[in-house]
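From first to last, the protein sequence lines stand for chains U and R.
Reading the first sequence from the start, the letters are residues 845 to 1480 in the working numbering.
Reading the second sequence from the start, the letters are residues 424 to 594 in the working numbering.
Just so you know, these hints were derived from the structure itself, not from any lab.
It is possible that part of the hints are untrue.
[Said to hold, decoys possible] Simulated coverage check for chain U against chain R, where a stretch passes if three residues somewhere in it have a Cβ under 8 Å from a Cβ of chain R:
id, stretch
1, 1207-1216
2, 1438-1446
3, 1454-1465
[Said to hold, decoys possible] In silico lysine-lysine, DSS-like type, Cα no more than 25 Å apart, as pairs:
id, chain 1, residue 1, chain 2, residue 2
4, U, LYS1420, U, LYS1367
5, U, LYS1275, U, LYS1367
6, U, LYS1210, U, LYS1447
7, R, LYS486, U, LYS1221
8, U, LYS996, U, LYS1305
9, U, LYS1420, U, LYS1275
10, U, LYS1221, R, LYS562
11, R, LYS562, U, LYS1210
12, U, LYS996, U, LYS982
13, U, LYS1294, U, LYS1337
14, U, LYS1305, U, LYS1337
15, R, LYS486, U, LYS1275
16, R, LYS531, U, LYS1474
17, R, LYS562, U, LYS1275
18, U, LYS1447, R, LYS562
19, U, LYS1275, U, LYS1210
Virtual Cβ for every residue (Gly too), placed ideally from N, Cα, C.
The lines below spell out each chain.
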Amino acid sequence: MRRKGHWIWMLGAVGFSIAAVLLCVRSARAGDETLETRSRARYVHRISLYDENGDVIRLTDDSGKPMDPDFEPIPPFSTRNTCGKCHDMGQVHAGWHFNAMADPEHGRNRPGEPWFLVDAATGTQLPLSWRSWPGTWKPADVGITPWEFVQKFGRHMPGGGPGENHPSSTADRMARWSVTGNLEVDCLSCHAADNRHDQNERARQIERQNFRWIPSAASGVAVVRGEARNAADDYDPTMPSNPDRPGPVTIYDPGRFDANERVFLDITRTPSAGRCSFCHTTRPAEDAAPARWATDTDVHLAAGMSCADCHRNGIDHNIVRGYEGEAADRGQPALATFTCQGCHMGVEGADGLARLGGRLGAPVPKHAGLPPVHFEKLSCTACHAGPWPEKTAHRIQTAMAHGLGVASKEHLNEALPYIVSPVYRTLQNGKLAPHKMVWPAFWGRLTQGKVTPLEPESVQKAAAEVFRTMAKEKYASLNEESISKILTALAPKKGADGEPVYISGGQLYRREENGRVVGANHKLAQPYAWSIGHNVRPATQSLGARGCTDCHAADSAFSHGTLEVASPAHFGESPKEPNNPLMAESSTEELFESSFLLRPAFKVVGIVAAFTVALVLAVCLFSGLTGRLKRMGEKT
Amino acid sequence: MYRTVVIAGLVVAVIAGVLQMVSARRAKSAQRRALLWERVVFVVLLLSVIGLACTAWWAVVVKDRAMSGLPLLIHTAVGGLFAVALAIGIVPCAARCRFSGTASGWDKLFFWALGGGGLVALVTILLSMFPWFGTEGMKCLMEVHRYSALVVVMAAVGKVLALVGHLRAGK
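Make the full structure from the sequences, and use the hints.
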C-alpha cells in the first residue's frame, strides 16, 4: 500500500515537471514574437533610445536639468536594445547579411560577391568570404581575425557577423572590443528613410574604431567626437574620459528629442534602392567609359520599383536572392515566383497565381521567334542583364571591393582588385549567364601541391629592400624582375618550409635556379566568378532583339568577345581569353553562324516545297471529292 | 511522353508494313514500274527521313534534351533535302494515290501520311523561322513538328516494308 502511494507521488511529480516545462517553452515563444501593429500603415517610430546596457537614453536628469556630459557621459544608443524592444533580433541576426560567419553553408550553391584582401604594393587581390564559396579563402586562412575583418570591411557591412560573433579581446590580443564596443546589426543602415542617415559617416566611424557609436553618429541623432582607436585600453564609455587619451564622446542633438525624451526615427519596412546601392554599386573603371549621366539604370528601378520589391524578406531577414533553383535550395517553393521567369512567365507546374506570373504587373515576354532551346541553355540574365557585351570585357569596380561611396577612399581606375565584366560562364544548372570575374593574385608557400597564402604585410616585411627599390608607381608595378627578387627574399629560412610562389593572372609563378620566373597553370590560380543579375536592360536592348545574328555571327561580341586576363603583375602583354568559351570553343558554332547566310534561301526553298506539296494534296483531295460526288450523282 | 509515342508509332508502322507485305504477296500487283528518276527521288526522300529521324531522336528520345550543335546542323541541312525530295516525289504518285486512284488502300494511306505529315512538319518549322510566334506558340509548333515528323517516319517505314513485299511478290 505504502509502495503504491510512492509511485503515485512520483508520477504526479513527473507530470507536474513536464507541464511546467511546456508552459515555460510556450511563454518563451510568446516572448520571442515580433511586436507588430498588423497594419499596412507604417508604424511611426517615435521611441525611446536604449544604450547597450538596456537603459533609456536621457538628456535630462530627474529634475529636468540637462545632463552634464563632463561628469556623466551619455552613452550612444544601441540598435540591439532599441530595435530589439519590439523586433526579434535573434532572427534578424540569422539573416543573409549577417549569417556568413555563423552559417557558412548558407547560399553555397550560388557564389556571390566576396570581400577582397587587397594590397597594391605586393600585387595582392585575394577573394575572401566566410561562406563556403569555392574559389574564395576564409579570412582565417590569411590570418585575418574578426577584429581586423571589421576594420577592413566594416565600411560596407551592416553590422553583426564578425562584428558581434567574435572571440573576446583576451583570445585576440590585437582586438579592443571592450573599448570600441561591438559592431552591432545597424537596422538603420538599411531601414532609415531619413535622408539625414549617413552611411558614409558609418565608414568614417569604422576608421576611428568607434563601433558602438555608429548608429548614433550615422543617424545624425548625435555627433560623436573623439576616436576609440586613440583611447586608453581601460576606457569606459560610461565614465569621464582620460584627458590624456580621450575616447569618443556622444553629443546628442537635443532638437531630436521630444519632451518625453523620445526620438522620431523615420523607418521604412522596404528600404529604398539608394540604401542598397551604398554596398551594391558597380561602376566602369576605364577612362573611355561613358559618363554616368549617359547610362541608364535598371528597368525595374526606372519603373518605380525598389530592390526590396523582389529581394524580399520577413523578420528572419533571409533575403530572396532571386536565382533559379533558390526555391529548391531553401526548400521554399514560393521562392520560385521571385525569379525572372517566375515573375514574368509564371512557374511551370505550379498551381494558382504562381503559374500565371505577372507579379506587380510584370509583363509577360513574347520572345517571338526565339527557339525554346534557348531557355534550356541560357539564363534570363544572359540576354537581358549587365552591360551590352563588347569585343572586350571591361574592368569594373564595386562598392564592396573598392570602397565606393566612402569619401575618404581614393577611387582611381587603377585600384585593385581588377574585376572584369560581363564574362559569360555557366551556372551550376548548366545555363550560360553573365558574371563578374577576378583572377586571384597573392604570395604563398607551396607545400606538396598546396598553396598557403602569405599575409601581404609579411611579404612586405620579408622583402622590404625589394619594395623600397621598386618603381614608385602605386599600382601594378610588379614585373618578372621584381617578382624574382621577392621570391628570393621569401626563400625558406632554416625551419621554414614551402617554396615561395606568386599566383596571378591564372598562373602560379616559381623562381628557377637561374633566376627566371616561370608560370604554370594551377587550380588555385583559377578565376573566381559570380553571376550578375543587374542592371536589367529593356527588352528592346536585349540580346537577340535585332535577330539571331546578335549572337550567332562571326562578329558577335557575345560569342566571340575576348577577355584580358587582368593581373597586378606585368609579364609583357596581358594574355587574352575567350569571353564566352561555351560559344567560342564550340566546334559547330562557326558552321552554325555561316548557315545564317543561307537561311533566306532555305526559307524560299522550304516555302516553294511546302506550296507544291500543299497544291498536290489539295488537287488530290479535290479530285477525290469531286469524283465521289459525281458517282453519288450518277447513282441518284 | 514523346518517347513512348515514338516507340508505339514505330511498332504500329512495322505491323502495318508487314500486313501490307503479306497482302502484296497474295495480290498480284498491277502497278507500273517506277521510272529511274522517281526511284532516285524516292531513295533521297527515304535517306533524308532516316537522317532527320536519327539526328532528332538522338537528342530528343535518347538524350532527352533539345536538339543543338552538330545534330541540329545536320538536321537542318537534311531537312532542306527532304523538302525538295518530297515536293518532287509526291507528284508522280498523286494521280494513283488520290481517293479515286488505282493504288491499294495501304499505298493511299502511306501517300497521305507521308504527304500530309511532311507538309505539316515543313510548315511548322518554316513558321518557327519567322518572329510571329511567342514562347508558347513556338513550343506548340515544335510539338506539332515532332508528331507530324513521327507520322512521316511511320509512313516511310510502312512504305519500305510494303515495297519489300512487292519486290518479293514480283520475283
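Here is how each hint holds up against the structure:
1. 1207-1216: With 8 residues in contact (Cβ-Cβ under 8 Å with chain R), the coverage given for the stretch 1207-1216 of chain U holds.
2. 1438-1446: With 3 residues close enough to chain R, the hint holds.
3. 1454-1465: holds (count 9)
4. U:LYS1420 - U:LYS1367: Answer holds: U:LYS1420 to U:LYS1367 is near 19 Å, not above 25 Å.
5. U:LYS1275 - U:LYS1367: 23 Å, holds
6. U:LYS1210 - U:LYS1447: 23 Å, holds
7. R:LYS486 - U:LYS1221: 15 Å, holds
8. U:LYS996 - U:LYS1305: Given pair U:LYS996, U:LYS1305 holds - Cα atoms ~20 Å apart, limit 25 Å.
9. U:LYS1420 - U:LYS1275: 23 Å, holds
10. U:LYS1221 - R:LYS562: 15 Å, holds
11. R:LYS562 - U:LYS1210: Given that 25 Å is the threshold and the Cα spacing comes to 12 Å, the pair holds.
12. U:LYS996 - U:LYS982: 14 Å, holds
13. U:LYS1294 - U:LYS1337: 19 Å, holds
14. U:LYS1305 - U:LYS1337: Given pair U:LYS1305, U:LYS1337 holds - Cα atoms ~14 Å apart, limit 25 Å.
15. R:LYS486 - U:LYS1275: At roughly 17 Å apart (the allowed maximum being 25 Å), U:LYS1275 and R:LYS486 satisfy the hint.
16. R:LYS531 - U:LYS1474: The hint holds at about 21 Å.
17. R:LYS562 - U:LYS1275: With Cα atoms ~19 Å apart, R:LYS562 and U:LYS1275 stay inside 25 Å; holds.
18. U:LYS1447 - R:LYS562: With Cα atoms ~20 Å apart, U:LYS1447 and R:LYS562 stay inside 25 Å; holds.
19. U:LYS1275 - U:LYS1210: 21 Å, holds
In this structure, every one of the numbered hints holds.
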